[in-house]
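Given next are the chains, with one letter for each unit.
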Amino acid sequence: MALFEEVAGILREVVGPCGGCPPEITPNATLEGDLRFDSLDLVRVDAALSAHLGTEVGLAEHVRGLDLDAISTFTVEQVVEQVTNRVWDGAARA
Amino acid sequence: MSRFLFVVPPLAGHVNPTIGLGAALAARGHEVAWCGPELHLRPMLGQDAVVHPTGTRLHRPQADHGTAAIRSVWDRFIVPFARFSLPAVEKAVLDARPDVVVVDQHSPAGAIAAHRLGVPWATLAASTMELGEPLADMPRVLDWLHGRLRHLWAKAGMPADEYFDLRFSPYLSLACTTRALTAALPDDVIGVGPILAERPGQPDFPWEWLDQGRAHVLVSVGTLADDVSARFLRETAAALAPLGDRLQAIFVAPPEVLPDLPPHLIARTRVPMLALLPRVDLVVSHGGLNTVCESLAHGVPLVVAPIRHDQPINANGVVAAGAGLRVGFARADAGALRAAITTVLGDPAHRVAAAQVRESFAEAGGADAAAAALVDLATRSPAAAGMSRSTS
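Residue numbers (the UniProt record's numbering), protein chains in the order written: chain A, 1 to 94; chain B, 1 to 392.
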């Protein structure tokens with residue numbers, strides 16, 4: 001869960017400050033529906049994750065390549081998966 | 001004299017431009033008529049307009065945003081309404097015998113009917129949602145959208161080998177924006193700028209309430225009654241509450257949504273927008289093209305909080321033009337909104353940039369330019385030749 005907490009912390013930075021709309025960042029929370037992400041938020045999170053981890057996460061590109069329903073229902077857990085796929089696996093192989 | 005038939009959806013933002021365009025065509029001696037749900041159109045068009053009714057289907061007000069809103073606008077509105085209205089639209093084209101059908105970009109029934117009956121037709125884009133293919137960076141979503149149009153084409157019994165992109169007429173496409181605001185406007189679409197017209201039945205306004213010594217802010221985020229809209233309005237009211245010494249603000253919202261406002265803030269369910277704008281210094285908007293263009297046509301800068309559809313595109317256009325700032329609709333709190341509002345009010349550069357967009361609108365020509373292009377199409381394409389396929 002350490003990685004989840006790291007990702008959730010970055011999402012919280014993007015989602016906040018928030019005027020009376022505290023969305024809970026759980027693994028099943030959807031970016032678009034629950035956290036009310038717009039396209040700019042996705043780019044901000046991508047940049048923040050990439051800066052934090054010191055490597056390109058490619059989150060925005062990954063999400064935009066999905067089909068419509070997969071984009072609408074993309075979850076926090078899937079953000080963690082993308083980070084895992086791009087960063088941790090890559091580091092392990094290196 | 002030529003005859004023009006507007007095919008429009010029951011949405012004020014799409015009907016309003018046809019009012020000014022219809023008036024410009026009528027002033028040149030041409031006949032104009034509308035095709036759409038009379039229940040919605042009649043109050044906007046007035047008693048004298050010729051309306052070929054399509055009947056009305058109930059469509060739930062949208063509460064979605066982002067890609068979910070793309071699905072719902074096509075699956076719950078554009079596609080079912082086009083299928084439902086196609087027979088009535090074809091009948092209207094046959095009855096009205098127009099020289100040119102003017103098809104709202106989100107009324108593909110008009111494109112199918114005009115094509116099937118061999119009548120020249122023009123696209124009128126009242127939103128920026130389809131201009132310059134903004135979904136191109138989501139290729140599977142774009143494929144899905146084209147799939148919806150092909151589905152409509154097939155369900156209408158049209159031959160697959162004749163399919164074309166129903167959002168753009170092969171004859172003429174007009175858009176109610178300019179490249180100064182919408183840089184992605186394709187080369188073959190004529191940006192005529194906003195088509196503004198006085199609308200019948202405008203509400204009263206307490207003009208004596210306006211204090212000439214203070215700045216004026218108009219807050220208009222559409223007619224949505226969901227909790228996120230109410231939150232945004234309350235945060236905006238909280239942002240403006242401490243600024244009574246320097247501004248007054250008008251919220252276009254039911255007064256019960258914003259109880260206990262201080263004296264420098266008022267809420268009105270409806271306002272006479274075009275009469276009010278010359279006295280307004282800043283508009284806070286969700287970024288619908290009508291509101292954005294009406295503001296910029298008066299040289300008024302904006303703070304835009306986009307929710308769905310073309311609103312993020314318009315918000316980015318306002319920012320790129322230097323005519324305002326974008327804030328997060330679901331997130332911006334009173335502090336962030338106060339900062340954005342005072343920044344735009346305090347920096348004359350935004351007003352200068354808004355005036356430059358206003359100039360681009362004036363050059364584009366609005367209703368007169370659109371009318372001239374349509375009359376040119378009618379003259380090029382005599383209806384007698386065009387109607388040949390209608391009597392097979």
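Mixed in with the good hints, there may be bad ones.
What the hints assert, rightly or not - With beta-carbon atoms standing in for the labels, derived distance ranges:
| id | chain 1 | residue 1 | chain 2 | residue 2 | range |
| --- | --- | --- | --- | --- | --- |
| 1 | B | P186 | A | P27 | 50 to 60 Å |
| 2 | B | E256 | A | A51 | 51 to 61 Å |
| 3 | B | P262 | A | D34 | 29 to 39 Å |
| 4 | B | P254 | A | T73 | 44 to 54 Å |
| 5 | B | P139 | A | E56 | 15 to 25 Å |
| 6 | B | H151 | A | P27 | 44 to 54 Å |
As the list claims (entries may be wrong) - Some chain B residues flagged as far from chain A (calculated, every beta-carbon gap over 10 Å):
| id | residue |
| --- | --- |
| 7 | G46 |
| 8 | R71 |
| 9 | D137 |
| 10 | W144 |
| 11 | R179 |
| 12 | V271 |
| 13 | R326 |
| 14 | G328 |
| 15 | R331 |
| 16 | D376 |
| 17 | L377 |
Please keep in mind that the hints were generated in silico from the structure rather than gathered at the bench. Even glycine gets a Cβ: it sits at the ideal position worked out from N, Cα and C.
*asked:* Checking each numbered hint in turn, tell me which of them this model violates, lowest number first.
replied: Violated hints: 1, 2, 4, 6, 8, 9, 10, 13, 14, 15; rest satisfied.
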